[in-house]
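In case you want the letters, here they are:
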Amino acid sequence: GNSVTQMEGPVTLSEEAFLTINCTYTATGYPSLFWYVQYPGEGLQLLLKATKADDKGSNKGFEATYRKETTSFHLEKGSVQVSDSAVYFCALSPLSGGATNKLIFGTGTLLAVQP
Amino acid sequence: DTGVSQNPRHKITKRGQNVTFRCDPISEHNRLYWYRQTLGQGPEFLTYFQNEAQLEKSRLLSDRFSAERPKGSFSTLEIQRTEQGDSAMYLCASSLGELGSTDTQYFGPGTRLTVL
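As given, the protein sequences belong to chains C and P, one line each in that order.
Each residue of the first sequence is one higher than the one before, starting from 1 at the first, in my numbering.
Each residue of the second sequence is one higher than the one before, starting from 1 at the first, in my numbering.
These are computed hints drawn from the structure, not numbers from a lab.
Treat the hints with care, since some could be wrong.
[Stated by the list, open to error] Heads up, incomplete: computed chain C residues facing chain P, CB under 10 Å, no partners named: (1) Q6; (2) Q38; (3) P40; (4) G43; (5) S58; (6) F62.
[Unchecked claim] Over 10 Å on every C-beta distance to chain C, these chain P residues come out as not near it, computed from the model: (7) P8; (8) E28; (9) P43; (10) Q50; (11) E68; (12) R81; (13) S87.
[To be verified] Negatives, chain C to chain P, calculated, CB over 10 Å: (14) T12; (15) E16; (16) L19; (17) Q45; (18) K68; (19) A86; (20) A91; (21) N101; (22) K102.
All C-beta atoms in this analysis are idealised placements derived from N, C-alpha and C, irrespective of residue type, glycine included.
Use the sequences and the hints to build the structure in full.
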């Protein structure tokens with residue numbers, strides 16, 4: 001079946017530290033991959049996406065590369081800010097090409113950035 | 001574009017009662033999704049509409065749950081004979097799905113259900 005596994009949190013970093021949140025997936029075929037972010041008191045927002053192998057999604061300084069050989073989509077940022085504190089969700093869509101009819105989410109990773 | 005809206009934002013009910021939630025998607029979005037999120041977990045897919053047609057339902061959606069999207073615009077999710085295990089955040093999302101394109105799901109703020 002389709003599933004997403006992401007590293008457990010919380011992840012606590014100091015401002016300007018390097019961030020990695022690991023995400024691996026299991027899927028048949030060629031899924032599309034997403035990172036969503038949930039800031040305190042707000043709804044889920046799409047952070048970035050990649051629709052095929054070797055694609056790199058990027059937004060707001062965050063990056064993730066779709067690695068088919070390792071079935072991974074790790075989220076990285078070179079220098080985190082306090083405002084990045086949120087819960088990050090890795091997700092996949094079983095359909096290829098980015099056309100979704102449902103998303104399968106990981107359990108989420110809480111990031112806390114301290115000044 | 002006012003985003004996806006959900007009402008009510010919070011609902012407290014007693015076990016055995018029926019509840020109904022409403023979702024208003026972004027206008028012109030033809031796809032609408034319902035998810036359920038419990039504490040410490042990621043959202044779980046419940047069901048999906050393309051216009052007014054319900055195209056997929058999860059095994060999570062027991063016969064006590066029913067969803068409608070009668071005119072292809074807003075949607076309702078009804079839970080009959082609520083149980084304490086139904087306590088969760090119910091999320092709605094919408095997207096503009098076109099063949100061959102990447103559609104992004106936009107989420108609403110959710111309805112938090114507490115069953116006493």
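Checked against the structure, which of the hints given earlier come out wrong? Hints 3, 5, 6, 9, 10, 17, 20, 21, 22 not satisfied by this model.
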